[in-house]
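Protein chains in written order, with our numbering: chain A, 2 to 384; chain B, 2 to 384.
Hints in this document: simulated from the structure, not taken from any laboratory.
Please note that the accuracy of each hint is not assured.
What the hints assert, rightly or not - If the Cβ cut is set under 7 Å, some of the chain B residues that face chain A in the computed set are:
1. Ile154
2. Val163
3. Lys166
4. Asp191
5. Phe195
6. Asn325
7. Arg327
What the hints assert, rightly or not - Stretch-level coverage of chain B by chain A, calculated; a stretch enters the list once three of its residues show a Cβ under 8 Å from a Cβ in chain A:
8. 123-137
9. 179-190
Said to hold, decoys possible - Have a look at the derived ranges for each label pair, beta carbon to beta carbon:
10. B/Asn383 <-> A/Arg370: 34 to 44 Å
11. B/Trp81 <-> A/Asp317: 52 to 62 Å
12. A/Lys166 <-> B/Gly384: 54 to 64 Å
13. A/Arg80 <-> B/Trp81: 19 to 29 Å
14. A/Tyr200 <-> B/Ala218: 26 to 36 Å
15. A/Lys348 <-> B/Glu296: 57 to 67 Å
16. B/Val314 <-> A/Leu110: 53 to 63 Å
Everything numeric in this text was worked out from a predicted model, so none of it was measured.
Glycine included, every Cβ here is placed at the ideal spot set by N, Cα and C.
Protein chains: 2
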Amino acid sequence: MRILILGADGYLGWPTAMHFAAQGHEVIAVDNYLRRLIAQQTSSEPLFETPNLDDRAKLFKAEHGKSIDVEIGDLADLRWCDNLFAKHKPDVVVHYAEQPSAPYSMRGLDEAEMTMKNNLGVTFNVIWGMLNHCPDAHLVKLGTMGEYGTPNIDIEEGWIDVEHKGRSQKFLYPRQAGSLYHTTKVLDTDLLWFYVRLYGLRVTDLMQGPVYGLETAEAEANECLMPNFHYDDIFGTVVNRFLVQAIAGVPLTVYGKGGQTRGYLNLKDTLNCVDLASNNAADKGELRIFNQFTEQFSVNELADRVHAAGKRVGLDVKVKSIPNPRKELEDHYYNAKSTGLLELGLKPNFMTEDVLVRMLETIMSHKDRIDESKILPRVKWNG
Amino acid sequence: MRILILGADGYLGWPTAMHFAAQGHEVIAVDNYLRRLIAQQTSSEPLFETPNLDDRAKLFKAEHGKSIDVEIGDLADLRWCDNLFAKHKPDVVVHYAEQPSAPYSMRGLDEAEMTMKNNLGVTFNVIWGMLNHCPDAHLVKLGTMGEYGTPNIDIEEGWIDVEHKGRSQKFLYPRQAGSLYHTTKVLDTDLLWFYVRLYGLRVTDLMQGPVYGLETAEAEANECLMPNFHYDDIFGTVVNRFLVQAIAGVPLTVYGKGGQTRGYLNLKDTLNCVDLASNNAADKGELRIFNQFTEQFSVNELADRVHAAGKRVGLDVKVKSIPNPRKELEDHYYNAKSTGLLELGLKPNFMTEDVLVRMLETIMSHKDRIDESKILPRVKWNG
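Generate coordinates for the entire structure from the input sequences, incorporating the hints supplied.
Okay, structure coming up:
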């Protein structure tokens with residue numbers, strides 16, 4: 002297959018590009034380094050530096066003997082995006098190309114505007130790139146479990162049958178998200194569903210939970226092939242942040258009561274899920290939605306697990322509740338379904354103590370790079 | 002009250018500006034004439050020319066002795082919009098400032114892009130104008146009944162309690178619209194609901210059905226104060242189009258089977274509804290939704306009514322089904338609730354034969370301006 006990876010410089014994008022290239026697919030890695038720019042602007046650099054895509058593609062070729070094409074440009078630019086699709090006419094498009102930070106989107110007007118324009122704009126341009134140049138291709142779009150928020154009923158897999166006054170209708174599951182970033186993904190899904198209905202696009206929308214992890218099969222050969230790894234409050238996901246805090250000797254920053262429950266998954270399972278979706282295309286005119294996570298935890302449960310893993314490597318991990326910078330329920334019902342990807346064959350990599358210990362060991366080797374000023378929340382939702 | 006009317010040059014905007022000014026409110030009429038530009042670009046000029054806002058404000062002052070301030074500029078320009086809110090700090094914002102044509106939004110990529118950027122961009126900028134300069138003001142936003150589409154269950158008034166596996170949750174009523182224009186209004190509602198929840202804005206979202214009519218109390222004094230009146234396939238609403246077709250001797254253009262059912266209202270009732278909403282503000286942190294229409298009709302029923310009214314003025318009105326340029330159900334369940342505005346005191350102006358006859362007589366006096374080439378659909382959804 003010819004696969005466009007949009008947002009290929011990201012935490013998930015680069016491992017995905019390597020994963021498909023290693024299997025012999027023709028991979029085109031696309032990015033404009035927007036996340037690198039924002040990371041510098043917000044003083045949120047990752048734990049270790051990662052080479053640019055051209056250099057990583059060369060390293061990957063040297064290690065694995067396979068090529069990854071690189072295209073650097075702005076997918077929010079309609080003309081550039083159209084040219085990209087016209088040139089490559091992909092079979093599969095994996096779309097990670099969004100500003101991915103909830104705190105950044107809540108920082109102020111400029112950041113909110115950028116998040117709206119970039120995320121909606123890229124999705125719109127990608128839709129039209131496909132309509133105009135590869136209408137039969139399959140779009141694998143990264144959504145987020147955060148689209149659903151924390152409703153008081155079970156979270157189904159994308160769709161829900163509503164019974165009402167003796168009649169029934171299948172609807173997109175109603176969504177209400179907790180940040181502007183998550184809201185742009187709600188809008189993406191609405192927009193995709195419109196174009197799927199109207200023009201018969203094939204789309205899989207992967208509602209993904211927070212990802213943790215550092216390792217993928219292709220990165221083991223060379224540390225320079227590892228994904229960028231954020232531990233800061235802007236780009237860091239919670240498990241990754243907690244592990245770095247454990248090593249830095251900073252108490253784990255539980256926001257408020259810590260009862261916030263979400264579905265989590267290992268980075269390796271992101272690759273497996275995107276692979277399964279890509280190899281089992283949605284039908285024409287189908288918006289297929291999977292909830293992409295393997296285990297549900299509360300923040301307190303995550304802190305307990307990191308505490309226990311830390312103990313095994315001789316760390317005395319403290320946990321400290323701090324005022325919640327976000328506006329969210331801290332104690333709520335949460336029961337989300339996630340059977341679709343299992344039915345396609347997913348074999349989950351669970352969050353065992355061994356997995357956490359191994360991550361701690363890897364992070365330990367970069368301990369000197371940890372900057373404690375990047376750890377505490379710098380963006381308040383009510384700021 | 003100090004009231005900003007955004008999109009004040011439009012079919013509904015200008016009558017609304019006059020309505021509030023006549024009551025002694027301080028009215029600021031805002032527009033950038035985008036609809037006029039699109040009308041020229043698509044050869045869709047209205048039945049009669051309307052003076053620009055400055056000239057109409059002068060005429061209105063001469064006839065009624067009241068002032069309307071005019072601000073000409075682009076609300077999709079963040080800086081201009083911010084300055085507008087900083088300068089006027091309104092109590093009420095009536096937001097009509099969107100590209101309002103479904104066919105235009107479906108014409109091609111350029112038109113789709115403009116509709117997305119303008120409609121979402123203006124709503125985003127208006128939200129931030131309010132957050133930064135008048136957070137207690139009340140936003141009266143024009144949505145559309147088209148957001149709901151044609152679900153197989155009753156359409157409730159904005160919200161629905163979903164019972165699911167023994168638990169329940171109140172959600173925004175799930176919406177799936179039939180054009181990109183209507184979809185931008187779905188996205189608007191999602192975005193408004195996010196900012197209402199997060200920052201306590203007051204918002205009323207009026208889900209309005211297609212409007213018909215020419216007359217309002219303030220326009221009777223001078224024909225130059227009448228709203229722009231479109232009968233073309235791009236901007237014309239169905240009843241207005243049918244009445245012009247009746248006079249032009251063109252068979253009424255029923256799309257497909259004609260069983261498409263929607264809720265309709267008289268232009269006078271748009272003014273009454275917006276007035277009632279403005280004088281009864283939503284609470285802080287409330288997204289209040291009203292379904293704004295007074296009667297449900299199928300397209301075939303509308304054609305019958307125009308036929309009957311035509312007969313009274315000596316017209317032999319023919320009706321002809323033509324291939325449906327849209328992608329929509331032509332025969333479907335439709336039962337939409339609309340009690341909220343009645344409870345606030347709305348006294349509907351129904352679509353009586355007298356009302357249609359009076360419209361026919363007014364249109365008759367402009368018969369020489371009718372251009373038959375603008376009548377048949379020029380945009381196909383599958384084009």
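Against the structure, the hints:
Interface restraint check: B/Ile154 against chain A, minimum CB-CB distance 4 Å, threshold 7 Å, status holds. Below 7 Å, beta-carbon pairs count as interface contacts, and B/Val163 has one with chain A at about 6 Å; its hint therefore holds. Hint status for B/Lys166 relative to chain A: holds, with the closest Cβ pair at about 6 Å, below 7 Å. Below 7 Å, beta-carbon pairs count as interface contacts, and B/Asp191 has one with chain A at about 6 Å; its hint therefore holds.
Because the closest C-beta pair between B/Phe195 and chain A is about 5 Å apart, less than 7 Å, the hint holds. Checking B/Asn325 against chain A by beta carbon gives a least distance of about 14 Å; that is not within 7 Å, so the hint is violated. The interface hint given for B/Arg327 is broken, as the beta carbon of that residue sits about 10 Å from the closest beta carbon of chain A, more than 7 Å. Coverage of the region 123-137 of chain B by chain A holds [criterion: at least 3 residues with CB-CB distance below 8 Å; count 3].
Coverage of the region 179-190 of chain B by chain A holds. Counting CB-CB distances below 8 Å, 4 residues qualify, and the rule asks for three or more. In this structure, B/Asn383 and A/Arg370 break the distance hint of 34 to 44 Å, their C-beta atoms being roughly 56 Å apart. For the hinted restraint 52 to 62 Å between B/Trp81 and A/Asp317, the CB-CB distance of approximately 57 Å keeps it satisfied. Taken as a hint, the range 54 to 64 Å is violated for the pair A/Lys166 and B/Gly384, whose Cβ atoms sit roughly 38 Å apart.
One distance hint, 19 to 29 Å for the beta-carbon pair A/Arg80 and B/Trp81, holds here, with the actual separation near 25 Å. For A/Tyr200 and B/Ala218, the hinted distance range of 26 to 36 Å is not satisfied, since their beta carbons lie about 45 Å from each other. Separated by about 58 Å at the C-beta atoms, A/Lys348 and B/Glu296 satisfy the suggested range of 57 to 67 Å. Judged by the Cβ atoms, the range 53 to 63 Å given for B/Val314 and A/Leu110 holds: they are separated by roughly 55 Å.
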